[in-house]
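2 protein chains.
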Amino acid sequence: MREEVLKRFKPIFYPKSIAVVGALRDPNSFGARAIKTVIDLGYPGKLYPINPKVDGILGLKVYPSVTQVPGPIEFATICVPAHAVPKIMEECVEKGVKAVHIYSAGFSETGTQEGRKLEEDVVEIAKKGDIRVIGPNCEGIYCPESKVSTFSGSSGDVGSVGFFSQSGGHAMNLLIQARVLEICFSKVVSYGNACDLDGADFLEYFAEDPKSNIIAMYIEGVKDGRRFFDLLKNIARKKPTLIFKGGVSKAGARAAESHTGALAGSSAIWDAVFKQTGAVKVSSRDELANTLLVFLHQLRPSNRKVAFINAGGGNSVFAADTLEQAGLEVPTLLPNTIKELRQFIPIPGTSLKNPLDLHRYIIHIDRVIRIVAKDSRFGAIIVALYPDFMLTYTAEVKDFRDITRGIIRAKKSLDIPLTATIRTERVGLTGEIERLKAQDRLIKAGIPVFSSILMAAKAIANAVGYQEFLEKSLNK
Amino acid sequence: MREEVLKRFKPIFYPKSIAVVGALRDPNSFGARAIKTVIDLGYPGKLYPINPKVDGILGLKVYPSVTQVPGPIEFATICVPAHAVPKIMEECVEKGVKAVHIYSAGFSETGTQEGRKLEEDVVEIAKKGDIRVIGPNCEGIYCPESKVSTFSGSSGDVGSVGFFSQSGGHAMNLLIQARVLEICFSKVVSYGNACDLDGADFLEYFAEDPKSNIIAMYIEGVKDGRRFFDLLKNIARKKPTLIFKGGVSKAGARAAESHTGALAGSSAIWDAVFKQTGAVKVSSRDELANTLLVFLHQLRPSNRKVAFINAGGGNSVFAADTLEQAGLEVPTLLPNTIKELRQFIPIPGTSLKNPLDLHRYIIHIDRVIRIVAKDSRFGAIIVALYPDFMLTYTAEVKDFRDITRGIIRAKKSLDIPLTATIRTERVGLTGEIERLKAQDRLIKAGIPVFSSILMAAKAIANAVGYQEFLEKSLNK
Chain A
3 MREEVLKRFK
13 PIFYPKSIAV
23 VGALRDPNSF
33 GARAIKTVID
43 LGYPGKLYPI
53 NPKVDGILGL
63 KVYPSVTQVP
73 GPIEFATICV
83 PAHAVPKIME
93 ECVEKGVKAV
103 HIYSAGFSET
113 GTQEGRKLEE
123 DVVEIAKKGD
133 IRVIGPNCEG
143 IYCPESKVST
153 FSGSSGDVGS
163 VGFFSQSGGH
173 AMNLLIQARV
183 LEICFSKVVS
193 YGNACDLDGA
203 DFLEYFAEDP
213 KSNIIAMYIE
223 GVKDGRRFFD
233 LLKNIARKKP
243 TLIFKGGVSK
253 AGARAAESHT
263 GALAGSSAIW
273 DAVFKQTGAV
283 KVSSRDELAN
293 TLLVFLHQLR
303 PSNRKVAFIN
313 AGGGNSVFAA
323 DTLEQAGLEV
333 PTLLPNTIKE
343 LRQFIPIPGT
353 SLKNPLDLHR
363 YIIHIDRVIR
373 IVAKDSRFGA
383 IIVALYPDFM
393 LTYTAEVKDF
403 RDITRGIIRA
413 KKSLDIPLTA
423 TIRTERVGLT
433 GEIERLKAQD
443 RLIKAGIPVF
453 SSILMAAKAI
463 ANAVGYQEFL
473 EKSLNK
Chain B
3 MREEVLKRFK
13 PIFYPKSIAV
23 VGALRDPNSF
33 GARAIKTVID
43 LGYPGKLYPI
53 NPKVDGILGL
63 KVYPSVTQVP
73 GPIEFATICV
83 PAHAVPKIME
93 ECVEKGVKAV
103 HIYSAGFSET
113 GTQEGRKLEE
123 DVVEIAKKGD
133 IRVIGPNCEG
143 IYCPESKVST
153 FSGSSGDVGS
163 VGFFSQSGGH
173 AMNLLIQARV
183 LEICFSKVVS
193 YGNACDLDGA
203 DFLEYFAEDP
213 KSNIIAMYIE
223 GVKDGRRFFD
233 LLKNIARKKP
243 TLIFKGGVSK
253 AGARAAESHT
263 GALAGSSAIW
273 DAVFKQTGAV
283 KVSSRDELAN
293 TLLVFLHQLR
303 PSNRKVAFIN
313 AGGGNSVFAA
323 DTLEQAGLEV
333 PTLLPNTIKE
343 LRQFIPIPGT
353 SLKNPLDLHR
363 YIIHIDRVIR
373 IVAKDSRFGA
383 IIVALYPDFM
393 LTYTAEVKDF
403 RDITRGIIRA
413 KKSLDIPLTA
423 TIRTERVGLT
433 GEIERLKAQD
443 RLIKAGIPVF
453 SSILMAAKAI
463 ANAVGYQEFL
473 EKSLNK
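Residue numbers (the numbering used here), protein chains in the order written: chain A, 3 to 478; chain B, 3 to 478.
Be a bit skeptical, because a hint or two may be false.
Same chains, same names: a pair is fine if it fits in one copy or spans any two.
30 Å max Cα-Cα, derived DSS-like pairs, lysine-lysine [stated by the list, open to error]:
| no. | residue 1 | residue 2 |
| --- | --- | --- |
| 1 | Lys252 | Lys474 |
| 2 | Lys283 | Lys307 |
| 3 | Lys355 | Lys252 |
| 4 | Lys277 | Lys235 |
| 5 | Lys225 | Lys355 |
| 6 | Lys307 | Lys252 |
| 7 | Lys355 | Lys119 |
| 8 | Lys400 | Lys38 |
| 9 | Lys376 | Lys252 |
| 10 | Lys55 | Lys400 |
| 11 | Lys341 | Lys119 |
| 12 | Lys277 | Lys252 |
| 13 | Lys341 | Lys252 |
| 14 | Lys252 | Lys283 |
| 15 | Lys12 | Lys235 |
| 16 | Lys48 | Lys97 |
| 17 | Lys97 | Lys55 |
| 18 | Lys241 | Lys213 |
No wet-lab data here; the hints were simulated from the structure. Predicted, not measured: the structure shown is a model, and the values here were computed from it.
Between the sequences and the hints, there should be enough to build the whole structure, so can you do that?
Next comes the structure, spelled out in structure tokens:
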């Protein structure tokens with residue numbers, strides 16, 4: 003079973019030869035970008051641009067059709083107008099291509115009879131030739147291990163997140179967003195209309211793929227709900243499985259239909275799916291990226307209690323409200339902890355209950371973290387930083403590196419998961435530069451940086467929820 | 003009544019003379035910042051730094067105590083340690099000071115007996131001398147019209163939003179955030195522990211103040227709930243009144259207590275207050291800023307139906323879900339509208355139902371907006387822009403100014419409120435620079451730019467909710 007699944011996807015993620023059908027000279031075209039990306043990644047296999055009207059692209063010989071390529075072709079990316087796709091598919095059958103990715107849009111998602119017919123034709127031809135199809139109407143695949151990618155500008159960094167997405171935009175944006183957060187992928191698939199390979203197939207593959215430890219997906223609908231559910235029930239408890247479900251509202255479901263032709267299903271059904279399978283529900287791409295951080299860093303908060311450290315009373319109240327509304331708890335520090343902190347943090351302008359409002363004493367962040375972390379009740383610590391505000395109004399903070407260094411120092415002796423979030427008011431570039439620098443320093447030191455207090459709260463709550471599901475199902 | 007209220011606050015917002023008690027030479031100290039701000043704003047009245055140990059500050063003569071200042075003092079800002087405040091207050095009584103702002107922390111918010119006692123003493127002395135008190139434990143006041151401010155770096159731009167905040171941090175940050183969004187204030191007050199003047203007093207003042215057309219507040223608790231409610235019931239229907247209530251959770255309420263000593267009250271009670279008074283509920287500082295934009299631009303969306311224009315199918319699904327969950331509607335475009343748009347927007351890769359996914363045809367944004375706006379069902383139009391993504395992947399977008407110019411052109415002939423939101427992936431500075439530039443161009447053209455799709459949804463839903471309340475109460 004396992005071997006069979008892995009084998010089915012081998013020509014997709016590990017093809018020995020790739021054709022890009024409909025490649026254009028224009029460097030902005032999809033085909034030219036895909037070819038350049040594969041070359042840049044250092045793909046060791048054969049790469050064939052196909053176009054009857056073009057001679058050479060990026061120094062490669064261009065063939066008029068796949069059938070005229072001398073060697074075998076395992077995988078083809080098709081980027082010709084929709085009406086021309088069936089003909090290309092016929093040629094792929096003739097050539098013995100194993101799998102194709104159809105970039106072109108203009109199929110069932112248009113809601114037109116013509117589009118639906120074209121898609122049916124593609125499916126029929128693919129069946130005849132035993133070709134696996136990704137798409138149509140999608141961005142295709144990315145596998146850094148094999149140096150194959152149809153996503154332009156892929157980093158090539160190998161990671162352990164297997165991500166499949168019905169939206170090409172979400173896939174491209176998550177790749178961009180992930181890079182600075184040091185989230186790396188084993189494989190990424192954007193699969194659009196899912197005329198052949200669907201969510202359930204990718205789920206099955208990533209479950210078996212030894213290179214994927216975490217599964218993430220953006221789905222608008224699944225074709226075989228029962229199969230998807232049965233797979234998920236089995237898989238989510240073995241590998242953390244994060245689902246960003248698009249089309250949870252009436253208008254969203256309609257938008258999903260005209261995006262990928264998907265039938266979204268009711269949100270009540272999906273809520274039941276999450277509850278019964280242990281799959282982690284995320285409601286936005288941001289929540290997906292932030293929740294991935296928690297799982298990738300293997301934070302495993304032991305419970306819902308968090309210590310929140312920051313500067314500012316209003317910020318503290320907001321954080322407490324946000325954390326509690328996300329399902330976390332913010333218990334008061336123990337009297338002994340407060341006593342120890344009070345030895346170097348005066349009372350006026352500060353609060354040491356939890357959230358901790360350190361005010362100007364944020365400069366003692368390393369000592370504060372270490373003392374708070376001695377309280378074993380806490381499942382996680384969140385430090386919230388406001389670089390532009392602190393640099394402007396806290397005279398003691400002359401160089402923001404002093405703050406991040408303190409956090410990094412504290413982390414070294416810590417058992418409790420330590421996380422951070424950084425906010426600037428985004429009024430000019432100064433704050434943004436400080437934010438990027440601070441974020442980079444913390445991430446490089448292994449401290450995940452969430453994009454907001456809300457996202458920190460949701461990501462940690464998601465991780466605890468997953469832990470709780472596992473414990474409950476073990477005890478059953 | 004009205005005259006009385008305005009008169010009570012005159013020494014606070016329009017003082018003819020100001021003393022800064024406890025001013026230090028250190029340019030980072032609160033007092034020195036306050037003095038510099040007042041000088042920079044061009045305050046025409048008398049300004050007296052007070053400190054027995056300092057000779058001159060910023061070129062001004064320093065007096066050893068308020069009692070030794072030759073002329074009268076209407077308003078004093080006190081920034082000495084808490085234990086020294088009662089003595090200063092006694093001197094203020096002797097001097098006949100009309101109102102004070104106590105910056106110092108270390109009073110009832112500490113929860114200590116000493117702190118509570120100090121605050122009681124302050125109240126007693128103030129009563130004796132008929133002095134109005136703002137604070138303690140707060141940032142004070144800002145009135146651009148009179149060029150008075152204890153908030154360093156105030157812009158001095160006169161606007162129509164009256165804002166009072168129990169958190170100094172939220173007040174300072176809203177001022178920073180507001181500047182780039184061109185939100186300007188009539189008056190701002192940060193009033194911390196509210197030992198004398200409380201939320202109800204400020205509410206009463208802003209209701210009568212002819213310079214304040216919109217009232218916004220951040221409150222953690224109110225001392226006289228009945229009075230606050232009665233005022234609000236009367237005021238919110240006359241001037242839009244936005245309330246960001248901190249401490250809505252158990253942990254948040256506790257944090258509020260150690261921040262300003264406030265009793266937060268149950269969230270059920272507050273929900274009833276919102277429902278009965280027509281005050282607009284916002285749940286974060288971001289939602290406050292974004293909702294202010296809608297009221298300031300007087301958008302008055304006629305109903306809950308919005309047209310959402312952007313590029314990207316996944317983005318469209320997410321927007322539809324987000325808008326509907328915020329209580330807005332995203333109805334399908336009329337067949338005639340779609341037909342007209344289809345004359346220049348091909349089917350593949352696009353969707354024209356609503357949300358509109360224009361894909362690369364985003365370059366025709368001006369024509370699209372104009373055609374969509376002919377459909378009088380819509381209460382508002384939202385355009386979502388992704389500058390870094392569009393510049394990277396949409397070959398047709400060579401200069402992002404082409405897009406913003408199109409939107410600005412379209413606005414000229416429009417009756418329906420036109421709004422925008424801009425997202426970048428925040429991975430480097432390029433996207434941020436494009437975002438800031440695009441935001442600036444749109445704002446200068448009178449198009450409000452929300453910070454996210456979620457914030458656009460909430461802000462517009464808040465405005466419609468307020469309209470609906472007004473209509474309902476008119477029909478009663």
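Going back to the hint list, which numbers does this structure go against? none
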